[in-house]
Every structure is written in C-alpha cells, then in structure tokens.
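Respectively, the protein sequence lines represent chains A and B.
Quick note, in the numbering used here, the first sequence goes up one by one and the last residue is 116.
Quick note, in the numbering used here, the second sequence goes up one by one and the last residue is 131.
Just so you know, the hints here were simulated from the structure itself, not pulled from any lab data.
One thing to keep in mind: the hints can contain errors.
Claimed, not checked - As a list, the in silico SDA-like pairs of lysine to any residue whose alpha-carbon atoms are at most 25 angstroms apart:
{"hint": "1", "chain 1": "B", "residue 1": "Lys63", "chain 2": "A", "residue 2": "His32"}
{"hint": "2", "chain 1": "B", "residue 1": "Lys63", "chain 2": "A", "residue 2": "Gly31"}
{"hint": "3", "chain 1": "B", "residue 1": "Lys89", "chain 2": "A", "residue 2": "Gly31"}
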Amino acid sequence: KAGVTQTPRYLIKTRGQQVTLSCSPISGHRSVSWYQQTPGQGLQFLFEYFSETQRNKGNFPGRFSGRQFSNSRSEMNVSTLELGDSALYLCASSSDHFTDTQYFGPGTRLTVL
Amino acid sequence: KQEVTQIPAALSVPEGENLVLNCSFTDSAIYNLQWFRQDPGKGLTSLLLIQSSQREQTSGRLNASLDKSSGRSTLYIAASQPGDSATYLCAGTGNTPLVFGKGTRLSVIA
C-alpha cells in the first residue's frame, strides 16, 4: 500500500505571496491532518479534515486554510506569507479518526524569503 | 489543555546499551499515546501506539508503556544500534488531535 505523499517537497516563496501544498493520504484513509514543524515551536497541529469537512482546527491565523476533496486528497493554503511561516509542513492520514494510528508523509519544506 | 514534555532533550549512548526515553503529559484524559521517530529533514515514522486501555506495546527491540495515573510514558530501546540515531517524539491524543513533545535527539555511537 502506498504511503502518504506530499507535493511539492520543497518551495521557496517571498513575503506576501501565497502557497498551496498538497497531500494524498493512504488509500482508504479518510482523516487527513496537517502539522507545522519549526525548530522553536516543534510540531503544532493546524487542522484535520474528514469526509471533506474540517473537523478540528488548531490555533493558527486565518491565513492558513485547507480543504479536502471527495477522494480524500487534501490541500492547505497559506496566504500573505510571512517569514515566520518558514517551516516543514507535514500531512498525516488515519483510517477514520485522529485517535487511530497516524501515518505521516515526508513533508513540504517551505522557505519564505 | 494537553501539554507533553520529553526529557532529556538529547541523549548520546554507546552501541549496545539499553535506554529509556521519557514522556510526560498533563491531561490524564488522554485517549492514546503514540511514539514516532524522525530522521533529519524527514517526516515521522510511527513506532508504537498505546491505547488508553493498554499499559504497553512491543515491537521488536522497542517497548512502550503508558501510565495514565502518573501522566507518563516511556519508550525502552534494547541493544541500541547506530541506525537508531534519530529524534524520538511522543504525542498524545485526547479530545483533540496529536499534541507533540519537543522530542529527544538520540545518538548511538558505534
């Protein structure tokens, strides 16, 4: 079974731009969660989607948004990029609920200049 | 609000040693606890998941325990190898998705 895939793997943007990251979960998994990882804050939860609906949301500004498609693939968007948005963005999928085992993708490394 | 702490932040051991990594959490209403491994610049690999009704899980040389009453989990690694060098993260789930600790960076010296 293929694992979680994320595209692109690396991105360089400038302040003020917007970016869209993509995540394809493991086949059959319906829950997709997004996390931001930085050296200072560690791993922080952004949001979780299940059956195309946002089920949980972390404490991030509205510039961070996401969506999920009917095939469970998910995208997250960051608008008006700031330098502090530079991070590794990780996507995780689980079968039905975030309490199930979470399987992570390799991440997208975003650098904001 | 759940908070997860991992001590020590870094650990260096010679090859072959048995070692224990510690994880503590503040909210005993934890549903399960998951241990992950992260290699530099990479995503997370799930190692073990312990349901709140369980006390421990084992996989190969790894054994993880969960004590909800004391708010602690430990990851025991037997006969450590250089390939075990990585950052180990624990994360708890309650009413909200995973809350992560900052991790323990493990170096196993050959």
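| message | Hint check: B:Lys63 vs A:Gly31, CA-CA at most 25 angstroms. Holds or violated? | response | holds, 24 angstroms
| message | Next pair to validate is B:Lys89 with A:Gly31; report whether the Cα-Cα distance is within 25 angstroms. | response | Not satisfied, since the Cα-Cα distance of roughly 31 angstroms exceeds 25 angstroms.
| Holds or violated: are the alpha carbons of B:Lys63 and A:His32 at most 25 angstroms from each other? | holds, 21 angstroms
The earlier numbered hint that this structure contradicts is number 3, and it is the only one.
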